[in-house]
Amino acid sequence: MEHASATPHPDAALLRPIENPGRTFYYMVGILLVIILYTGFVYIRQLWYGLGVTGMAQPVTWGFYIVNFVFFIGISHAGTLISAILRLSKAEWRRPITRMAEVITAIVLAIGGLHPIIDLGRPDRMMHLFYNGRLQSPLLWDVTSITAYFTASTVYLYIPLIPDIAILRDRGVKPRWLYEFLSWGWQGTERQHKVLDRAMNILMVMVIPIAISVHTIISYIFAMTVQPGWHSTIFGPYFVVGAIFSGIAAILVLMIVFRKVFHLEGYLKQIHFNYLSILLLIMSLIWFYFTFSEYLTGYYGHEPNEMRVFWYKFAGDFAPFFWAMLACNFAIPVAILCNSKTRTIPGILIASLFVIVGMWLERLIIVVPSLANPRLPYPTGIYIPSHTEWMLFLGGLSVFILGYMIFARFFPVISIWEIEEGRHESTRLVTERIRSYMPDMEPSTGQE
Amino acid sequence: MSKKTIEALQILSISLIWVLFIGIAVWIVNLIKESLKLHDAPDASVGISIVAIPVFFILASVLTYVFIGLRKGREEDSEP
Chain A
1 MEHASATPHP DAALLRPIEN PGRTFYYMVG ILLVIILYTG FVYIRQLWYG
51 LGVTGMAQPV TWGFYIVNFV FFIGISHAGT LISAILRLSK AEWRRPITRM
101 AEVITAIVLA IGGLHPIIDL GRPDRMMHLF YNGRLQSPLL WDVTSITAYF
151 TASTVYLYIP LIPDIAILRD RGVKPRWLYE FLSWGWQGTE RQHKVLDRAM
201 NILMVMVIPI AISVHTIISY IFAMTVQPGW HSTIFGPYFV VGAIFSGIAA
251 ILVLMIVFRK VFHLEGYLKQ IHFNYLSILL LIMSLIWFYF TFSEYLTGYY
301 GHEPNEMRVF WYKFAGDFAP FFWAMLACNF AIPVAILCNS KTRTIPGILI
351 ASLFVIVGMW LERLIIVVPS LANPRLPYPT GIYIPSHTEW MLFLGGLSVF
401 ILGYMIFARF FPVISIWEIE EGRHESTRLV TERIRSYMPD MEPSTGQE
Chain B
1 MSKKTIEALQ ILSISLIWVL FIGIAVWIVN LIKESLKLHD APDASVGISI
51 VAIPVFFILA SVLTYVFIGL RKGREEDSEP
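Chains as they are written, first to last, in the working numbering: chain A, 1 to 448; chain B, 1 to 80.
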């Protein structure tokens, strides 16, 4: 196609989606564009007629849009945070995973960040935030932290991408000007490597607290109110744990899809899935611990308003969603991932898909029941999402898939230079590291 | 596209990044001024801005450092 260089590359499999995307790529783009265009039409209709076209009404004034906002931002924790932790801990098996994870963050954050604007019947009122925002409001903390996280994640994705962009530039892949522009004259000199390493070290340390702050602050939107079911001191860490949990599941699903579609079996091996799925299992247990603590303290206090929400979730209208959430986030993944016989790639895919669904249900269960059962003497609210809300959800997912496909069309989803570096230096580095922390041999006593 | 145009675009992109981040800082400072004027919990506003503004400036500085460092680190530039 647009492949100018005929030189075979040792990692040709990673360049194939860029140099030869195939017809399926264009068909998929076409289908996704149709969905996105229809979603655009549905959104314009919402703008025209107002939020009356949604299922939201008093007292349930937050519905799918805020659920999806929290869900998408949660998924975004997959990338930059996990990648930074793996890089900082010098986990060598991270090399084929980090880029895939970082891309998720950049795309999903952009989609998630738009949802509160979609939730506004009058998006032009966003401007009030710029003119007369109140920095003491958690809503504005959110705007600031999401902007910081999005910027940091994009920079964190872009900087380690530069050497790979230079590979594409040198191979003459089109559009050449784009690769020329984005590669910043990368030649792989020692000095350039030093600059890149130093910048990466700063960013790695920076993005971890920013990422944690983002989901903590999202939880504050709920926890800083006195709504029953929301006013909780553990909401910050509970949200962060949930975000990392759903994020790992999202990475695993993407890794399995890319492995299958682009034949990356040589790069994404069973061991990568094994390590990440064990992490998923641990997160499932931690998530269950937080859920248990959250509901037990509420139940033990037996505050009447709190109990209304409690029973609404446990045995009321939302009981099917609540118990499905527990099954999806705890029972099913633990059952699959605890057993090494079922911890296979298909098993991990099933567990991850359940976790993604379960975490979406968790966001739904947090947002709607508390609003449906307010402290004020309202009758219990009813919320049934409309076609508009379902469509915008589907549209959000389509934008994510399209965004990821377009990224993979222009840039390698697995870091080529890091793989090369790993091949040449990993063994030496790991050996040196092991030697540095293993106890020294006892000095010879000279009796032999 | 010529090499000079690409270089101009690169310099433009760095300048735009700084414009964006300075804009964010100005916006935050403006909100602090508003909260001081209205006596509307200015301490909270100042506290948040102390954390937020440096984050954006560090990011812009890291990007600038990388872009300048990569240009300076090219072989043709390091030759006497």
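By construction, these hints were calculated from the structure, which means they are not laboratory data. Quick caveat: nothing in here was measured; it's all calculated off a predicted structure. All C-beta atoms in this analysis are idealised placements derived from N, C-alpha and C, irrespective of residue type, glycine included. Errors might be hidden in some of the hints.
Footprint (simulated), chain A over chain B, 3 or more residues, beta carbon under 8 Å [unchecked claim]:
id: 1; stretch: 6-13
id: 2; stretch: 32-42
id: 3; stretch: 46-59
Each hint tested on the structure:
no., hint, verdict
1, 6-13, "holds (count 3)"
2, 32-42, "holds (count 5)"
3, 46-59, "holds (count 7)"
Going through the hint list in order, the structure satisfies each hint without exception.
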